[in-house]
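Visitor: Each chain, written out:
Protein chains: 2
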Amino acid sequence: MKTVIVYYHPYNKSYCRAILEAAKQGAMDAGREADVIDLSADSFNPVMGKEDLQGFVRHEIIDPKAKEYFDRIKGACHLIFIFPIWWGNMPAMVKGFIDKVVFPGSFYEQDNSGKVIPLLPNLKVTIFATMNTPAPIYKLYFGNQVYNAMKKSVFGFAGIKDVKFVPFGTVKAVSASKREKWLKKAARIAGER
Amino acid sequence: MKTVIVYYHPYNKSYCRAILEAAKQGAMDAGREADVIDLSADSFNPVMGKEDLQGFVRHEIIDPKAKEYFDRIKGACHLIFIFPIWWGNMPAMVKGFIDKVVFPGSFYEQDNSGKVIPLLPNLKVTIFATMNTPAPIYKLYFGNQVYNAMKKSVFGFAGIKDVKFVPFGTVKAVSASKREKWLKKAARIAGER
Numbered sequence: 001m002k003t004v005i006v007y008y009h010p011y012n013k014s015y016c017r018a019i020l021e022a023a024k025q026g027a028m029d030a031g032r033e034a035d036v037i038d039l040s041a042d043s044f045n046p047v048m049g050k051e052d053l054q055g056f057v058r059h060e061i062i063d064p065k066a067k068e069y070f071d072r073i074k075g076a077c078h079l080i081f082i083f084p085i086w087w088g089n090m091p092a093m094v095k096g097f098i099d100k101v102v103f104p105g106s107f108y109e110q111d112n113s114g115k116v117i118p119l120l121p122n123l124k125v126t127i128f129a130t131m132n133t134p135a136p137i138y139k140l141y142f143g144n145q146v147y148n149a150m151k152k153s154v155f156g157f158a159g160i161k162d163v164k165f166v167p168f169g170t171v172k173a174v175s176a177s178k179r180e181k182w183l184k185k186a187a188r189i190a191g192e193r
Numbered sequence: 001m002k003t004v005i006v007y008y009h010p011y012n013k014s015y016c017r018a019i020l021e022a023a024k025q026g027a028m029d030a031g032r033e034a035d036v037i038d039l040s041a042d043s044f045n046p047v048m049g050k051e052d053l054q055g056f057v058r059h060e061i062i063d064p065k066a067k068e069y070f071d072r073i074k075g076a077c078h079l080i081f082i083f084p085i086w087w088g089n090m091p092a093m094v095k096g097f098i099d100k101v102v103f104p105g106s107f108y109e110q111d112n113s114g115k116v117i118p119l120l121p122n123l124k125v126t127i128f129a130t131m132n133t134p135a136p137i138y139k140l141y142f143g144n145q146v147y148n149a150m151k152k153s154v155f156g157f158a159g160i161k162d163v164k165f166v167p168f169g170t171v172k173a174v175s176a177s178k179r180e181k182w183l184k185k186a187a188r189i190a191g192e193r
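Taken in sequence, the protein lines are chains A and B. Those letters in the first sequence? Residues 1 to 193, by the numbering used here. Those letters in the second sequence? Residues 1 to 193, by the numbering used here.
Bear in mind the hints are in silico, worked out from the structure with no lab data behind them. Don't take each hint at face value.
When chains are identical, the list treats them as one kind, so a pair holds in a single copy or across two.
With a straight-line Cα cutoff of 20 Å, these simulated PhoX-like cross-link-like pairs (lysine-lysine) come out [to be verified]: (1) Lys152 to Lys139; (2) Lys50 to Lys172; (3) Lys115 to Lys172; (4) Lys2 to Lys124; (5) Lys50 to Lys13; (6) Lys185 to Lys172; (7) Lys74 to Lys164; (8) Lys152 to Lys124; (9) Lys124 to Lys74; (10) Lys74 to Lys161; (11) Lys115 to Lys152.
Taking the hints into account, I'd like the entire structure generated from these sequences.
Guide: Pasting the structure below:
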C-alpha cells in the first residue's frame with residue numbers, strides 16, 4: 001500500500017516541510033510506502049497550455065510530469081497534499097497540479113450524458129494546509145475556499161467521498177508545543193486507513 | 001485614465017477571448033486607454049520561488065514581469081480580470097499573477113501592528129469569469145470560490161472596496177443570442193466609472 005504526498009513550499013525550512021516529514025513518517029509507521037511529489041524540486045510547470053487543453057478534451061494527460069504523477073497516484077490508497085494557503089487559496093503550483101493531473105480518463109470518466117464515472121472512488125484524500133488566518137475565520141468569513149475547492153469542485157466531482165481538510169491556522173503565532181502537537185496529528189492522520 | 005485587463009485563456013478562440021475584445025472596446029468607448037496583460041502570450045511564470053517569497057517579506061516584487069505588471073496597474077482606474085473557472089477556482093496562471101503581483105509595498109502596506117494601509121484604495125476591480133456550472137449552483141453549492149478569493153481574501157484585504165464578480169455560467173450550453181447579450185454586458189461594465 002502506498003501513500004502519495006504532493007508537497008509545495010518554496011522555503012525548505014517552512015512548517016509545511018515539518019508537516020511533510022511528520023506525514024511521511026506517519027505513513028511509513030502504518031506500513032506504507034511514502035512517495036513524495038515535491039513540485040518545486042521537480043520544477044513542475046503548472047500552466048495549462050493549448051496542448052494540455054486539447055488533451056483534456058481528448059481525455060489524455062499531455063504534460064509528461066503530470067502523466068508520471070498520475071501513474072504514481074493510481075496505485076495509491078492515500079493522496080495527501082501539503083501546502084501554504086496564500087490569498088485564501090492554494091498556490092498557483094498546487095492549482096496547476098490539479099488542472100493538469102485531474103483529467104477525464106485519469107480520475108474519472110464521463111458518459112455521453114455527462115454523468116461522472118469515478119475511476120478512483122476508494123482513494124482517500126487529505127489536505128494539510130497552513131495559513132496565518134485563524135481557522136474559524138477562514139471557514140466562516142473567507143468561505144473555506146480550499147475545502148470547497150478540494151472537497152466539492154475537484155475530488156467530489158471525481159466521485160471521491162473520503163476527502164479531509166486539515167487546516168493549521170495562525171502558524172506564525174502559535175506556540176512551539178502547539179506546533180509539535182500538530183505534527184503528531186499530521187503523522188496520525190497520514191497513517192489512518 | 002487607463003483600464004488594465006489581465007487576460008488568460010490557452011485557446012485563442014475561446015469565449016473569454018470574445019469577452020476580452022468586448023471589454024477592451026467598452027473601455028475605449030468610455031474614453032480610456034485599454035492596456036491588456038495577456039499572461040499566456042507573455043509566458044508569465046506563475047510559480048512563487050524562494051526569491052519571490054524573500055521579496056514578499058522585504059516588500060519588494062522580484063519577478064521582472066510581475067514588477068512591470070504592477071507598474072502598469074498603479075496608474076489605472078480599473079483593473080479587469082478575464083479567465084475561465086476550472087475546478088471551481090481560478091487557473092494556476094491567474095493565481096500566480098495574484099501571488100506575485102499583489103505584494104506588500106505594491107497594493108498595500110502593513111504597519112508594525114499588522115494593520116493594512118491600502119495603497120490603491122480607489123482602484124475598481126472587475127472579474128469576468130466563464131464556467132460550465134450554472135452560476136447559482138456555483139454560488140450556493142460550490143461556495144462562490146472566486147468571489148470569496150478576489151473580494152475578500154485578495155482585494156478586500158488590500159483595502160479595495162469596489163470589487164465586482166461577473167460570472168458567466170454554462171457557457172457551452174447557452175444560446176448564441178445570450179452570448180451576444182453577455183458581450184454587451186461585459187462592454188458596458190468595462191466602461192463604467
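Visitor: Next step is simple, just say for each hint if it's right about the structure.
Guide: We went through each hint and held it up to the structure:
1. Lys152 to Lys139: Both. Shortest intra-copy (15 Å) and inter-copy (12 Å) distances satisfy the 20 Å Cα cut-off.
2. Lys50 to Lys172: between (40 Å within a copy, 18 Å between copies)
3. Lys115 to Lys172: So lysine 115 and lysine 172 pass the 20 Å test across copies only (16 Å; inside, 44 Å).
4. Lys2 to Lys124: within (11 Å within a copy, 49 Å between copies)
5. Lys50 to Lys13: Classified as between; 11 Å across copies, 36 Å inside a copy.
6. Lys185 to Lys172: within (18 Å within a copy, 44 Å between copies)
7. Lys74 to Lys164: Intra 19 Å, inter 40 Å, cutoff 20 Å: intra-copy only.
8. Lys152 to Lys124: Classified as within: same-chain Cα gap 14 Å, cross-chain 31 Å, threshold 20 Å.
9. Lys124 to Lys74: Classified as within; 12 Å inside a copy, 45 Å across copies.
10. Lys74 to Lys161: Within one copy, since 16 Å is at most 20 Å while 45 Å is not.
11. Lys115 to Lys152: within (16 Å within a copy, 34 Å between copies)
The structure agrees with every numbered hint stated previously.
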